[in-house]
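*Asks:* Sequences are here, hints too, so could you generate the full structure?
Chains Z and W, in that order, give the protein sequences. Per the working numbering, residue 49 is the first one in the first sequence, and the count goes up by one each step. Per the working numbering, residue 1025 is the first one in the second sequence, and the count goes up by one each step.
Simulated from the structure, these hints should not be mistaken for laboratory data. Some hints here could point you the wrong way.
Which bits of chain Z does chain W cover? Going by a derived footprint, with three or more residues having C-beta under 8 Å, they are [as the list claims (entries may be wrong)]:
hint, region
1, 85 to 94
2, 151 to 160
Label pairs and their in silico Cβ distance ranges [to be verified]:
hint, chain 1, residue 1, chain 2, residue 2, range
3, Z, Phe66, W, Thr1039, 41 to 51 Å
4, Z, Thr60, W, Pro1063, 17 to 27 Å
5, Z, Ser127, W, Pro1085, 40 to 50 Å
6, W, Pro1107, Z, Tyr87, 37 to 47 Å
7, Z, Arg115, W, Ala1076, 19 to 29 Å
8, W, Pro1130, Z, Gly49, 20 to 30 Å
9, Z, Ser131, W, Ser1104, 37 to 47 Å
10, W, Gln1041, Z, Phe66, 46 to 56 Å
11, Z, Arg115, W, Phe1034, 22 to 32 Å
Quick look at which bits of chain W chain Z covers, simulated, 3 or more residues with Cβ under 8 Å [what the hints assert, rightly or not]:
hint, region
12, 1069 to 1075
13, 1090 to 1098
14, 1112 to 1125
15, 1128 to 1134
Backbone N, C-alpha and C define an ideal beta-carbon position, used for all residues, glycine too.
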Amino acid sequence: GDSVTQMEGPVTLSEEAFLTINCTYTATGYPSLFWYVQYPGEGLQLLLKATKADDKGSNKGFEATYRKETTSFHLEKGSVQVSDSAVYFCALSGTGGRRALTFGSGTRLQVQP
Amino acid sequence: NAGVTQTPKFQVLKTGQSMTLQCAQDMNHEYMSWYRQDPGMGLRLIHYSVGAGITDQGEVPNGYNVSRSTTEDFPLRLLSAAPSQTSVYFCASSHMDRGETQYFGPGTRLLVL
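*Replies:* So this is what it looks like as structure tokens:
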């Protein structure tokens, strides 16, 4: 079945540091790929998405490129801020009719001033 | 639009009690789903629905029932609560098109004693 693997956390960075959170997936066909963010005490919000190979999703300075050849969708940001501290989830939506999301286990990011 | 709403925000149950978690959306989404979030495990799908009158099981359905009598509402019923059902529950909705963003509610935190 479908699965998503993302790097373990927590990731602790200083403000203005470069961020990479790795995400790889296993799925049949061509899934859609997502990054969701969860701030403390809140639900999940879509951060960015990509629906086909080589697409780049971007939002709020974050980027991720859908790499079919390496089955990856790594999240990057050039300069993190304290306000980026949250839990980040990589997820995929398969090509079947269910439309359910398969999530990675989440990566907690802590940004220190 | 209120988006996806969930009630209650927090609930404490005793083992064996039953309860219903409410979920509603006002975006005319066909697809609705329930996930549970447990530490280190990401979110796992409990049940989902692709339209009024149509529901199906997800990854972890045991101990939960759902029904979908209207497009807007998708309640989750715990028949006889167990401590293993202590978790945070999220409802989500989306259109059925491939790659559509799923919108999440704020969550219900459930503690079963």
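*Asks:* Determine for every hint whether it applies to the structure shown.
*Replies:* Hints, verified against the model:
1. 85 to 94: holds (count 5)
2. 151 to 160: Per the Cβ count (4), the hint holds.
3. Phe66/Z - Thr1039/W: 41 to 51 Å: holds (48 Å)
4. Thr60/Z - Pro1063/W: 17 to 27 Å: holds (18 Å)
5. Ser127/Z - Pro1085/W: 40 to 50 Å: holds (43 Å)
6. Pro1107/W - Tyr87/Z: 37 to 47 Å: violated (28 Å)
7. Arg115/Z - Ala1076/W: 19 to 29 Å: violated (39 Å)
8. Pro1130/W - Gly49/Z: 20 to 30 Å: holds (29 Å)
9. Ser131/Z - Ser1104/W: 37 to 47 Å: Holds, since Ser131/Z and Ser1104/W (Cβ atoms, about 43 Å apart) stay within the stated range.
10. Gln1041/W - Phe66/Z: 46 to 56 Å: For Phe66/Z against Gln1041/W, whose Cβ atoms are near 49 Å apart, the range 46 to 56 Å holds.
11. Arg115/Z - Phe1034/W: 22 to 32 Å: For Arg115/Z and Phe1034/W the Cβ distance comes to about 41 Å; the hint is violated.
12. 1069 to 1075: n = 3 at 8 Å, threshold three: holds.
13. 1090 to 1098: That given contact is violated, which follows from only 0 residues of the region 1090 to 1098 of chain W lying within Cβ reach (below 8 Å) of chain Z.
14. 1112 to 1125: That given contact holds, which follows from 8 residues of the region 1112 to 1125 of chain W lying within Cβ reach (below 8 Å) of chain Z.
15. 1128 to 1134: Holds: 4 residues of the region 1128 to 1134 of chain W have a Cβ under 8 Å from chain Z.
Consistency with the previously given hints fails for numbers 6, 7, 11, 13, ordered from lowest to highest.
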